[in-house]
Amino acid sequence: MSGAAEQVSPYNRLLEKAFADAIPLTAQFELTFRCNHLCTFCYNSPDGRREMTTPQIFETLRKIADFGVLYLTLTGGEALCHKDFFKIAAEGRRLGMALRIYTNGYLLADPAMVRRVADLKPFEVEISVHGARPETHDALTRIKGSFAKTIQGIKNLREEGIKVQLKCPITKLNQNELFEIRDLADSLKCHMTFDAVITPKDDGSLDPLALRPDDDFLTKYWGEWYMELHHGKLPPRQNHCAAPGTEANCGTGRSGFTIDPYGDILPCVAFRRAVANILEIDSLNDIWESSPVLNEVRGISVEARTRLNEHEDGKYFTFCMGVAEKQVGDPLGIYPQAALNAKSIRRSYELLQIGERQG
Amino acid sequence: MNAADTASTHPRRHPDTAFRKIGDEGGLVVLPGRAEVKVLNPVGIAIFSQLDGSKDIETLAAAVAEEFDVELASAREDVMKFLEDLKQDGMLA
Numbered sequence: 001m002s003g004a005a006e007q008v009s010p011y012n013r014l015l016e017k018a019f020a021d022a023i024p025l026t027a028q029f030e031l032t033f034r035c036n037h038l039c040t041f042c043y044n045s046p047d048g049r050r051e052m053t054t055p056q057i058f059e060t061l062r063k064i065a066d067f068g069v070l071y072l073t074l075t076g077g078e079a080l081c082h083k084d085f086f087k088i089a090a091e092g093r094r095l096g097m098a099l100r101i102y103t104n105g106y107l108l109a110d111p112a113m114v115r116r117v118a119d120l121k122p123f124e125v126e127i128s129v130h131g132a133r134p135e136t137h138d139a140l141t142r143i144k145g146s147f148a149k150t151i152q153g154i155k156n157l158r159e160e161g162i163k164v165q166l167k168c169p170i171t172k173l174n175q176n177e178l179f180e181i182r183d184l185a186d187s188l189k190c191h192m193t194f195d196a197v198i199t200p201k202d203d204g205s206l207d208p209l210a211l212r213p214d215d216d217f218l219t220k221y222w223g224e225w226y227m228e229l230h231h232g233k234l235p236p237r238q239n240h241c242a243a244p245g246t247e248a249n250c251g252t253g254r255s256g257f258t259i260d261p262y263g264d265i266l267p268c269v270a271f272r273r274a275v276a277n278i279l280e281i282d283s284l285n286d287i288w289e290s291s292p293v294l295n296e297v298r299g300i301s302v303e304a305r306t307r308l309n310e311h312e313d314g315k316y317f318t319f320c321m322g323v324a325e326k327q328v329g330d331p332l333g334i335y336p337q338a339a340l341n342a343k344s345i346r347r348s349y350e351l352l353q354i355g356e357r358q359g
Numbered sequence: 001m002n003a004a005d006t007a008s009t010h011p012r013r014h015p016d017t018a019f020r021k022i023g024d025e026g027g028l029v030v031l032p033g034r035a036e037v038k039v040l041n042p043v044g045i046a047i048f049s050q051l052d053g054s055k056d057i058e059t060l061a062a063a064v065a066e067e068f069d070v071e072l073a074s075a076r077e078d079v080m081k082f083l084e085d086l087k088q089d090g091m092l093a
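Just so you know, the protein sequences line up as chains A and B, in that order.
If you count the first sequence from 1, position 334 lands on 334 in the working numbering, and the numbers rise without skipping.
If you count the second sequence from 1, position 36 lands on 36 in the working numbering, and the numbers rise without skipping.
Hints are computed from structural coordinates only; laboratory data are not their basis.
Treat the hints with care, as some may be off.
Simulated DEER-style distance windows between Cβ atoms [said to hold, decoys possible]:
| # | chain 1 | residue 1 | chain 2 | residue 2 | range |
| --- | --- | --- | --- | --- | --- |
| 1 | B | E36 | A | R115 | 18 to 28 angstroms |
| 2 | B | P15 | A | R115 | 16 to 26 angstroms |
| 3 | B | G53 | A | P55 | 48 to 58 angstroms |
| 4 | A | G232 | B | G23 | 57 to 67 angstroms |
| 5 | B | E77 | A | P111 | 22 to 32 angstroms |
| 6 | B | E77 | A | L352 | 50 to 60 angstroms |
| 7 | B | E77 | A | R347 | 33 to 43 angstroms |
| 8 | A | A112 | B | G53 | 53 to 63 angstroms |
| 9 | A | H231 | B | E36 | 18 to 28 angstroms |
| 10 | B | I57 | A | N309 | 47 to 57 angstroms |
| 11 | B | F68 | A | P111 | 43 to 53 angstroms |
Glycine included, every Cβ here is placed at the ideal spot set by N, Cα and C.
Produce the complete structure using the sequences and hints provided.
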């Protein structure tokens, strides 16, 4: 018998166990839909209801912590635009959760703000970078000067020793500068991820799709550029939130959940079917196993993977049921971006002569 | 008894840590300031979850001996070794 700390593979084993038993490790909490950017491809769709007050947010945090969640992700809108962001984040930490912050980084150009973030001892901060140049980034955020402020914010965080994860939704405006964006991330000593799928808005509007990268680009992205952009990493063949070997397509309603600014509990940030309102339940334990919505979503997730596996390119699909529901009206319906990505990834693996079970 | 003595006899996990037990398989401990995650086995997470500063080593060892059906002397030795590992990893207050 030993209680000694172990590393590497036991971690994956625990994640698989948590996934199989639907033990949620992460809560993504959208504090507000307010934002200081005007991104044209943003998926948020505020519906005019009153957002939760700070005391209600504190009550929500207590329920999340009581449920045993390990990672609390604070997001928005722009989370730092909430007037009580630091009080809320500190309360999350006091309740024993590890903190992730999703932000556009604009307000972190102010070193005093970054010192307050550092005091929270966040696990990591995730920031979206939309271009390698001001004109590209600012055109997508529609805020002049936003690139300079975001980059300064990233530098300030790194100087405080905070882990920063950068992410870039690929659009037709930035698709030709991905290598420069990757080099920028390297120069800032940050890990970079690119997202090749622009999603519809939460209200079903397809307007953001006008910015999606073109098909020729995506074919080359997966087949020729992905590995070089990601320092030799192979393209993904399953959703990042799915445990290896699972029967489910993704972790929606399983490995985590989302709470929106109105207190509605959602299976995940993309699959926005309201489960219940956090202010109307005593405990998340009351709904997690018995909710018809969650059970249906978990079932659809298994059905999605089963159907995808029957598809010609099925072993190469990363597939979002939330996007499918919004874009083609069926959570199991294959939307064009997913099909193109799977086909391109399959071709990439074939060129590399890597079999379905390798890599 | 000063604060340092109390910390050594009534160990307390570092206030910056976050942890979660996962079934009977073990658990995860996050060290936010270092952006690290440690994996603990079932005995480790059972001990770690008890480190709120209210229990002395003898109490912790007795709990391990009972829960995992081992001799008290063996449990005491393991608890001491585990606490030393935690201390070296910066996971104790």
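Verification of the hints:
no.: 1; hint: B:E36 x A:R115: 18 to 28 angstroms; verdict: 22 angstroms, holds
no.: 2; hint: B:P15 x A:R115: 16 to 26 angstroms; verdict: 19 angstroms, holds
no.: 3; hint: B:G53 x A:P55: 48 to 58 angstroms; verdict: 29 angstroms, violated
no.: 4; hint: A:G232 x B:G23: 57 to 67 angstroms; verdict: 35 angstroms, violated
no.: 5; hint: B:E77 x A:P111: 22 to 32 angstroms; verdict: 49 angstroms, violated
no.: 6; hint: B:E77 x A:L352: 50 to 60 angstroms; verdict: 51 angstroms, holds
no.: 7; hint: B:E77 x A:R347: 33 to 43 angstroms; verdict: 58 angstroms, violated
no.: 8; hint: A:A112 x B:G53: 53 to 63 angstroms; verdict: 33 angstroms, violated
no.: 9; hint: A:H231 x B:E36: 18 to 28 angstroms; verdict: 21 angstroms, holds
no.: 10; hint: B:I57 x A:N309: 47 to 57 angstroms; verdict: 52 angstroms, holds
no.: 11; hint: B:F68 x A:P111: 43 to 53 angstroms; verdict: 50 angstroms, holds
Of the numbered hints listed earlier, those contradicted by the structure are 3, 4, 5, 7 and 8.
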